[in-house]
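**Q** Take the sequences, apply the hints, and build the full model.
The listed protein sequences correspond, in order, to chains U and R.
Counted the way our numbering counts, the first sequence spans residues 5 to 369.
Counted the way our numbering counts, the second sequence spans residues 5 to 369.
Simulated from the structure, these hints should not be mistaken for laboratory data.
A couple of the hints might just be wrong.
Note that identical chains are pooled: a pair holds if it fits in a single copy or bridges any two copies.
[To be verified] Heads up, simulated DSSO-like pairs for lysine-lysine below, C-alpha to C-alpha not over 27 Å straight-line: (1) Lys264 / Lys85; (2) Lys98 / Lys14; (3) Lys85 / Lys14; (4) Lys94 / Lys264; (5) Lys51 / Lys196.
Number of protein chains: 2
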Amino acid sequence: MQTITVGLEKQPYSIYLGAGLLQNKTLFSEQIRGHQVMIVSNETVAKWYLPQLQATLNTHHCDNVLLPDGEQYKNITELTKIFDELASKKHTRKTTLLALGGGVIADMTGFAAACYMRGVNYLQVPTSLLAQVDASIGGKTAVNHPLGKNFIGAFYQPRGVIIDINTLATLPEREYREGFAEVIKYGLIHDKAFFDWIEAHIEGLLSRDPQALTYAIARSCQIKATLVAADEHEWLDIRALLNLGHSFGHAIEAGLGYGKWLHGEAVAIGMLLAADLSARLACLPTAEVARIKTLLIKIGLPVRLPAELSVAQMLDLMAGDKKNINSQLRLILLKAIGQACVAEDVMQNQLTQLLADYLDENTIC
Amino acid sequence: MQTITVGLEKQPYSIYLGAGLLQNKTLFSEQIRGHQVMIVSNETVAKWYLPQLQATLNTHHCDNVLLPDGEQYKNITELTKIFDELASKKHTRKTTLLALGGGVIADMTGFAAACYMRGVNYLQVPTSLLAQVDASIGGKTAVNHPLGKNFIGAFYQPRGVIIDINTLATLPEREYREGFAEVIKYGLIHDKAFFDWIEAHIEGLLSRDPQALTYAIARSCQIKATLVAADEHEWLDIRALLNLGHSFGHAIEAGLGYGKWLHGEAVAIGMLLAADLSARLACLPTAEVARIKTLLIKIGLPVRLPAELSVAQMLDLMAGDKKNINSQLRLILLKAIGQACVAEDVMQNQLTQLLADYLDENTIC
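**A** As structure tokens, then:
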């Protein structure tokens, strides 16, 4: 088992990474303070892993609530079901919520924990690659609004993150591959050597080689932990770099309707757009854009915008993005592979042309 | 204008108290950082004060959302309307929410500010006595759950509180009188001299004498500010004392259906129950219980439980109270007028008898 620390000043916590951790009674017991536990999961994941986890937690009083599976259910209506279950089972302020699932479950459980009785303890137990490398770390919790992804949420840190890489064995191929969008992101914004390594090991990663996979997850978690610890609430421009590709990606997800494209798919084309825009602004060599595109294609991630969307729709949705300040669009761009920056002066006509170039009849996804 | 500081370590803020502050452009401008403002109010209050406030804020971009009036609307469904308005009008992270109304508007606006884009700025502009002395101060924000009052919320502090006592002129008599439950509470838990003063000045207070009223509000705000600054998140047993009467009160509000009894009415009988229980446990002289009861009767506040509720229902709702830890009931009791304590060892049979004694056919309210 590896341990990675998220070194927050006020409440540091650990990410535990290894095979078979779902069966580790000692580890779970250390992380749970009170007697009551509410496992939040979805119908798909619960079938595989809920009985295992219940067995591990058999000395606790364990309730559970199962939500439907998919980004389209990451909304206030489904969130309310968690509150209903907690209240009807008389869970107190000393309860522990436990998020067993992918990014949607991670975000919703964290937000429910932030709000129930104004804040209770929670643990992340991510079972998808995307949740393991991204959603479960850093305390960004939220649900979606029809007009904007993650518009309603809180910064609320978990007490710990327990990653059992064995859970990836049952992850459907499409959801496995989308996770690599976030893995690649860490290389792009912070660590050129890691990007090079991903390129070199992409075959092993796609065939789910445990050794390569463990390294990719651990390195991703380390980078995320570093950036989050440096800027927990995104007040500086450090944590914001983690949003590379996300302004585009969130607009795609909201525009198509949540759940049509997976989050990682939308982020993949978003990162390519950010890289291409960086090249057009003469920040990034064009050859690097091609390199990123090649890697995304190898993984089977989209490199064109969805044909159902228009440039006007994308611009409108991006105008409402959370990172914008006083109606000015803020984008994360690349100066090099391994180095990102925040840009506040992107010209509307450059953005329009960029979107138009990626939105034609030849759209593939 | 008086200024009272809520001396929080991380983010201290001020309560401004005076007549005619709604017209004070300088004061409002100092408190609002960005250009965008979203006024949240209810249909009743907006008729009286929205145009005044809009005129004061005429150099800002001002939107508004009006909710229906009443505790029965302090729920997630109505909260969502605030998010809808913010998102559709493209309010960014730099927006300021402004709560113009009573306790319901204060709690909902604060919670919306806590959640929208994971936290935006907000100001409290309370127009009811109860909101001026209690709800608008201290950053406890929430909506109700059918099974528990304020079950879903956040600790999230406003940037400032602006109390224009002129707004009390239009407050209906019943809502004016309920506010005194919280005023009396401050005397009971923290300041015997203030309780004595309220007793001595009750006629002037009930006739809305501006001088007496200003003192009562200022002293209440000072006491609340002191307790909140000492224990912002209720981790110690200091802030919890502000919940005197509230475990009973919340059970009444939830049990009857929110909005039947006003919050202050439910807290009034709750405080009397807490005082009587304190006397039964030989903590408080019986004569003090009679004194409290006499004052409540003078104000026209309830001194019996509502006949529609049963002892079993009250016990069940109280068992789910937020202050409980590991299924143990925690109540705020009185050692003397001016001195409260947290009790964790209340016997079920004593509580049952107490409730039964206040719940007979002679119920008045």
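**Q** For every hint, state whether the structure bears it out.
**A** Each hint, compared with the structure:
1. Lys264 / Lys85: So Lys264 and Lys85 pass the 27 Å test inside a copy (23 Å) and across (26 Å) alike.
2. Lys98 / Lys14: both (20 Å within a copy, 25 Å between copies)
3. Lys85 / Lys14: Neither. Shortest intra-copy (31 Å) and inter-copy (34 Å) distances fail the 27 Å Cα cut-off.
4. Lys94 / Lys264: between (36 Å within a copy, 24 Å between copies)
5. Lys51 / Lys196: neither (39 Å within a copy, 60 Å between copies)
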